[in-house]
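Protein chains: 2
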Amino acid sequence: MKLAIIFGGSSYEHEISIVSSITLKSVLKKTQKIFIFVDSQRDFYLIDENDMKSSFFSSKEYLKKAKKLSLSKGAFETKSLLGTKKVEFDVALNLIHGRDGEDGKLAGILEFFDINFIGPRVEASVISYNKLFTKLYAKELGVEVIDYVLLRKGEQKEIPFSYPIIIKPLRLGSSIGVSIVKSEDELEYALDVAYEFDEEVLVEPFIEGIKEYNLAGTLADSWYLSIVEEPKKEEFLDFDKKYLDFSRDDKVQEAQINENLKENLVKNFKQIYNPLFKGAIIRCDFFVQEDRIYLNEINPIPGSMANYLFEDFENLIEKVATNLHKEKKIDINYLYINNIQKAKGKA
Amino acid sequence: MKLAIIFGGSSYEHEISIVSSITLKSVLKKTQKIFIFVDSQRDFYLIDENDMKSSFFSSKEYLKKAKKLSLSKGAFETKSLLGTKKVEFDVALNLIHGRDGEDGKLAGILEFFDINFIGPRVEASVISYNKLFTKLYAKELGVEVIDYVLLRKGEQKEIPFSYPIIIKPLRLGSSIGVSIVKSEDELEYALDVAYEFDEEVLVEPFIEGIKEYNLAGTLADSWYLSIVEEPKKEEFLDFDKKYLDFSRDDKVQEAQINENLKENLVKNFKQIYNPLFKGAIIRCDFFVQEDRIYLNEINPIPGSMANYLFEDFENLIEKVATNLHKEKKIDINYLYINNIQKAKGKA
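In order, the protein sequence lines correspond to chains A and B. For the first sequence, the residue numbers in the numbering used here are 120 to 466. For the second sequence, the residue numbers in the numbering used here are 120 to 466.
You may find that some hints are simply not true.
Claimed, not checked - With a straight-line cut-off of 25 Å between C-alpha atoms, the simulated PhoX-like cross-links for lysine-lysine are: (1) A:K198 x B:K447; (2) B:K272 x A:K258; (3) B:K198 x A:K198; (4) B:K183 x A:K276; (5) B:K172 x A:K186; (6) A:K205 x B:K192; (7) B:K258 x A:K179; (8) A:K258 x B:K370; (9) A:K144 x B:K205; (10) B:K463 x A:K198; (11) A:K204 x B:K121; (12) A:K447 x B:K272; (13) A:K445 x A:K205; (14) B:K438 x A:K192; (15) A:K192 x B:K192; (16) B:K463 x A:K272; (17) A:K187 x B:K276; (18) B:K386 x A:K276; (19) B:K205 x A:K258; (20) B:K448 x B:K438; (21) B:K205 x A:K205; (22) A:K205 x B:K198; (23) A:K397 x A:K461; (24) A:K186 x B:K198; (25) A:K192 x B:K370; (26) B:K445 x B:K463; (27) A:K204 x B:K447; (28) B:K121 x A:K198; (29) B:K448 x B:K149; (30) B:K381 x A:K351; (31) B:K192 x A:K461; (32) B:K121 x B:K258; (33) A:K272 x B:K301; (34) B:K397 x A:K461; (35) B:K258 x A:K463; (36) A:K192 x B:K187.
Calculated directly from the structure, the hints in this document are not laboratory data.
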């Protein structure tokens, strides 16, 4: 199997997507792979594996050395004087974090152009990218979420929580624009920061000392679930730290939790995953307080694909790639138009 | 202003999209326009205005006579021996009903390729295309919806409503796969029909004699709202009748309702519309029973754009086209990568 790793994108997480893809280059040792870069202008480039270093992108060397690709049905293509040539691969892996990758655009493009891919489909992308939709969906499935209010730029609304609270732009990942607000006099500044990134923000109570557990997995021919990790946390992971987090490839320690909690985390994960996230390897971040489990967020394209949480990540990619669900073919037979024309002919 | 009407698509509503576009050809008399057809294979074709007849598509004449288009940044292009040539237009109108058009794929493609368009964005598409998401979203905004249960193929679940009930595939428009079920012995067949189209279906109580009102509109430089229509109904519009419905261009009678109800319909419409549906002209279909208003569905690309509900539809298109909101540009400066490289250099 040959894998095409698509990364970059017009996204605040463009750079961490580069870091993620470089990490996967070393993690996926046995897998044949190629790399497709989406630059800030949303042009596609075929990147030679030897050029997969961060400086190749930050220096803009790719503009001179890499081949530009165009997209056509079923393929990315290179162009030369001799015509166009299809770039050969079996399955793409959507590794664009944030906008373009996680907001449903790339999913829509790849489905429309009939390119097999690992990653969330359009609906799954929208539900996980928008933190309000995530909450509505989870609640509908009986998965608890932390209480919240939605604020819109310019709108005055009472915040019904006592401080500290947490302010999050509605649509970004990787903690960008997120603030913990300890008292009312810090609120305005925190809102200004969040509104820089999104015209809608979510406000939640910030619960000190709440436990956090991450669980990743996928449903291919059967369920493949990772170990449960209790991520290290400072009061709050800032972007620099998160950024380094995306280059992780060391296996982590399994969280020391009882079987009952573990089973319940798995139950909640499966409830969220199936069937909406089929085709994707996702990581769900949960909060736990006094045995109650809350879904914090769904990462449909986690940093470096959360490879460090799996026993045999390379096998996992293979399993997902060979069990992808294709869109249903729709037969268009022009029955209605023909009938109408017949009816008109008789009139 | 030159408008590019995009229609067709790999959709059960492919044929009614053709009907819609032919209708708009005659409705938009003063507007300069071109037509881009997406065939069942998802190839793009530039259609000459004189060829905009249903037989041109049903006979597959377009395969011989129309120019194939490819998509590149900011443009659709024709290819010839002399090279590629950009197809000139200012704004596209997404007129693909159902899959591809209303499920977020085309929105994702047009945004990614930086083509201005009238139509729902990716999030708005997903929320209106999936009837469960529509309900969750409406409820969150305080807009009432008819009670429901979600069923999945193969799943046994008690239906908590008395008959008659209505069965709907979760993701289709235009009444496809929808049945009214009068008693339990009709249920299995109706579910089989619905599962032909979607693996998830919604079950609702069917409320006899409920009033239905449609209201269309958009928010451009200001609000533009249509008259309220009380659609003619037989017990139920079947697909053939709906199909003819998409060719409507006669102005309709305003529904005879009191000011209070009208105001409340408008209030609910605006609540649903803003800000999620900006850029689109949508039609909301409401049910009313004893002064309670329920959102039945959101049509983010209504048949023939609900032109017949507006006083001056041509002006409306112009207003929307000139007030489109562009995606935020994201500045990618490689600050993090450069910092890391600097840090490494010093180490």
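So, going through the hints one by one against the coordinates:
no.	hint	result
1	A:K198 x B:K447	violated (30 Å)
2	B:K272 x A:K258	holds (22 Å)
3	B:K198 x A:K198	holds (13 Å)
4	B:K183 x A:K276	violated (60 Å)
5	B:K172 x A:K186	violated (42 Å)
6	A:K205 x B:K192	holds (19 Å)
7	B:K258 x A:K179	violated (48 Å)
8	A:K258 x B:K370	violated (43 Å)
9	A:K144 x B:K205	violated (38 Å)
10	B:K463 x A:K198	violated (38 Å)
11	A:K204 x B:K121	violated (34 Å)
12	A:K447 x B:K272	holds (16 Å)
13	A:K445 x A:K205	holds (21 Å)
14	B:K438 x A:K192	violated (34 Å)
15	A:K192 x B:K192	holds (16 Å)
16	B:K463 x A:K272	violated (41 Å)
17	A:K187 x B:K276	violated (52 Å)
18	B:K386 x A:K276	holds (19 Å)
19	B:K205 x A:K258	violated (47 Å)
20	B:K448 x B:K438	holds (24 Å)
21	B:K205 x A:K205	holds (23 Å)
22	A:K205 x B:K198	holds (18 Å)
23	A:K397 x A:K461	violated (44 Å)
24	A:K186 x B:K198	holds (21 Å)
25	A:K192 x B:K370	violated (41 Å)
26	B:K445 x B:K463	violated (39 Å)
27	A:K204 x B:K447	violated (34 Å)
28	B:K121 x A:K198	violated (31 Å)
29	B:K448 x B:K149	violated (34 Å)
30	B:K381 x A:K351	violated (55 Å)
31	B:K192 x A:K461	violated (42 Å)
32	B:K121 x B:K258	violated (39 Å)
33	A:K272 x B:K301	violated (48 Å)
34	B:K397 x A:K461	violated (41 Å)
35	B:K258 x A:K463	violated (45 Å)
36	A:K192 x B:K187	holds (12 Å)
The structure does not agree with the numbered hints 1, 4, 5, 7, 8, 9, 10, 11, 14, 16, 17, 19, 23, 25, 26, 27, 28, 29, 30, 31, 32, 33, 34, 35 stated previously, though it agrees with the rest.
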